[in-house]
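So the protein sequences, as listed, match chains A and B. Position 67 of the first sequence, counted from 1, bears residue number 67 in the working numbering, the numbering being contiguous throughout. Position 177 of the second sequence, counted from 1, bears residue number 1177 in the working numbering, the numbering being contiguous throughout.
If you are wondering where the hints come from, they were derived from the structure by calculation, not from laboratory data. A quick note: this is a predicted structure, and the numbers were derived from the prediction, not measured. Take these hints with a grain of salt, some might be off.
With a straight-line cut-off of 16 Å between C-alpha atoms, the simulated EDC-like cross-links for lysine to aspartate or glutamate are [as the list claims (entries may be wrong)]:
hint: 1; chain 1: B; residue 1: K1354; chain 2: B; residue 2: E1258
hint: 2; chain 1: A; residue 1: K120; chain 2: A; residue 2: E54
hint: 3; chain 1: A; residue 1: K52; chain 2: A; residue 2: D108
hint: 4; chain 1: A; residue 1: K27; chain 2: A; residue 2: D93
hint: 5; chain 1: B; residue 1: K1374; chain 2: A; residue 2: D44
hint: 6; chain 1: B; residue 1: K1377; chain 2: A; residue 2: E54
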Amino acid sequence: MYSEKVCEHFRNPRNVGNIENADGVGKVGNPTCGDVMVMYLKIDDDVITDAKFETFGCAAAIATSSMSTELIIGKTVDEALRITNKTVAEALDGLPPIKMHCSVLAEDAIKAAIDDYRSKVKSPMAKATK
Amino acid sequence: MIYLDYNATTPTDKRVVEAMIPFYTEQFGNPSSLYTAGQEAKRAVDQARKKVADLIHASEKEIIFTSGGTESDNLVLRGVARAQKKKGNHIIISSIEHHAVLNTAKALENEGYSVTYLLVNENGQVDPQDLKRAIRPETILVSIMHANNESGVMEPIRELAVIAHERGVLFHTDAVQTVGKLPIDVADLGVDFLSASAHKFYGPKGIGFLYAKKGVRFTPQVVGGSHEGGKRAGTENVPAIVGLGVAVEIAATEQKEEMIRGRKLRDDFEEALLSAIPEVRIVSRGVERLYNTSLVLVKYVEGESMLLYLDFEGIAVSTGSACSSSSLEPSHVLLSCGYPEEAAHGSIRFSLGKFTTSYHLKKVLIVFPPIVEKLRKMSPLRDVYSYPPQAD
C-alpha cells in the first residue's frame, strides 16, 4: 500500500529529534486523532539552516515529516511556505488516498513553525527573552 | 514469517485441504441431485453436519451452513428481527461486538428497529445487571459475543442467556473466536443461536455455520431452493463444508492439549514483555480471557508504525489503531473499555496458534523492544495520558 520511498523514509527517517533554542516551533495534530507532529526550525537570515521533527503517528505521518524536513532545509522561509501537502506527497511517490491527511499535517507543521518564527521576529521582546 | 495473527485467520490444516480436493474434482456432484454422484456429495455434507453438531453438542437439524461468521450474524439479527416484528422491535447487543453484529444492528436501526448498545465494565465485560435493566417488553433478541476478538475477554454468556430467557427473549452469541479453540456446549451455554467460522480454526475461508435451537423462529435471508432445511438457499459449498467437518474433527481431538500449551506460551510471553518494555499494559490481563490472545497497549507510539516495523522483521500482528483501518476510527473495543483514544491508537494484538513456538515469541521479545524504543524517541508525546485502572 505504501510506495518504496515512503517505506524508506519510514524505516530511516531523516532529522529526527528537536532543536534547542529553535527559532520556530510548530505543533500540529492531536493525540486523540492518532497524529501529532512537532517541527523545529533553525533560521538564519530568513534561510532555514536546520529542521528536525518529532512525530507520533503512522508510517505516512513519519515519512511525510521526514520528507518535509529534507524539502525545507536550505530554503528561504518564503520558499518553504510555498511547499504544499501535494509537494510532500509527490516527493514520496504518492500516498494512499486515505493517508493524504498526513501530508496536510506536514504542510501545517511547516506553516506553524514559520508562523512561530515570524511572531518572534516581529516582537523583539520575545526574541530578547528567548 | 512469524505469524501471530491467528484471531484474524489461520492457515488451513493440510489434512483439511487434502479432504477437500476430491470434492472439487471427481466428487463434484450437487447434493440435490438424485443420482449416485449427487447422493455421495449429500452424504459428505451430512457427515460434516454431524461432526459440527457433535462438537457443540447440538443436533444435526440445528446446524445451518453459511459463508462464515458475518453471514451467520446477519442471518440471526435480520432473521429474528423480521420474524418477530409483531412481538417487538427492540434488539440488545454489546458495544464491543464484531462489526458483523454491530453494523447489522445499525442497519436494522436505520430500518426502524430500536437497538440498545450495552457498555462494558473496565474489564471489558457486560454487566448482567445492565442487561436486566435494558430488556423491555418489546425486546426480541440479545446478541453478545462469546469472546472478544481484540482483547480475548470472555463474556458471561450463561448468566446473560438466563436473564434474557427469564423475560422470554432469544439469545445469540457470536462464538467466532471460541469455536475450535474451546469446548462448546450450546445447552450448557444456554443460547438459542451461535455463529462460527471455519477459517478461525484451521478450516477453509468462506464457510461457517449458525446453530439455531430447534423451534426458534427466524426468517431466511437468502431465498431460493430448499437447501439447509429452507433456512439458507443456495447449492452447498461441498468442498468447504467437508473441510469444515475435518477442521472440527481435528479441533475436537487436539484442542485440549493446545489449550494448555497455548496458555503457557501466552502467559510466559506476557510476563517477559512486561519486563522488557516500560509503560506497556496488557488489556484485561487479570480477567478470564481466551488463552491465545494478548492485547498490548504501548504508550506514546502508534500501532500502525509498530505493526509495520514488526512486519519488516517478518512478524505479522494486528492493531486497533485508526491509521490501519479504512475508517480512520480507533478500536471501538478499547474505547468502550474506557481507554482514551490515544491509548487505543497504540495497541498491538498478538494472537497465537498451534504453529506458534516459544522460539517465535523469543524472536518477538528480541526485536520488539528496540522498535518501541526507536518510535518513542521519535514521539513528541510524554506523560500525556493514563490508562484506566485494572486488576492485573
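* **Pair hint outcome, K120/A versus E54/A [Cα-Cα no greater than 16 Å]** => Between K120/A and E54/A the Cα gap is close to 21 Å, so the pair fails against 16 Å, i.e. violated.
* Asked: K1354/B and E1258/B: Cα distance at most 16 Å?
  -> OK: K1354/B and E1258/B at ~7 Å, within 16 Å.
* Asked: Within 16 Å, alpha carbon to alpha carbon, are K27/A and D93/A?
  -> Violated. K27/A to D93/A sits at ~25 Å, over the 16 Å cutoff.
* Asked: Is it true that the CA of K52/A sits at most 16 Å from the CA of D108/A?
  -> Holds: K52/A and D108/A sit about 15 Å apart, inside 16 Å.
* To do: With a cut-off of 16 Å on the C-alpha distance, tell me whether K1377/B and E54/A pass.
  => holds, 8 Å
* Is the hinted pair K1374/B and D44/A satisfied, with a Cα-Cα distance of at most 16 Å? -> Roughly 30 Å separates the two Cα atoms, so the pair is violated.
Comparing the model with each earlier hint shows violations of hints 2, 4 and 5; every other hint is respected.
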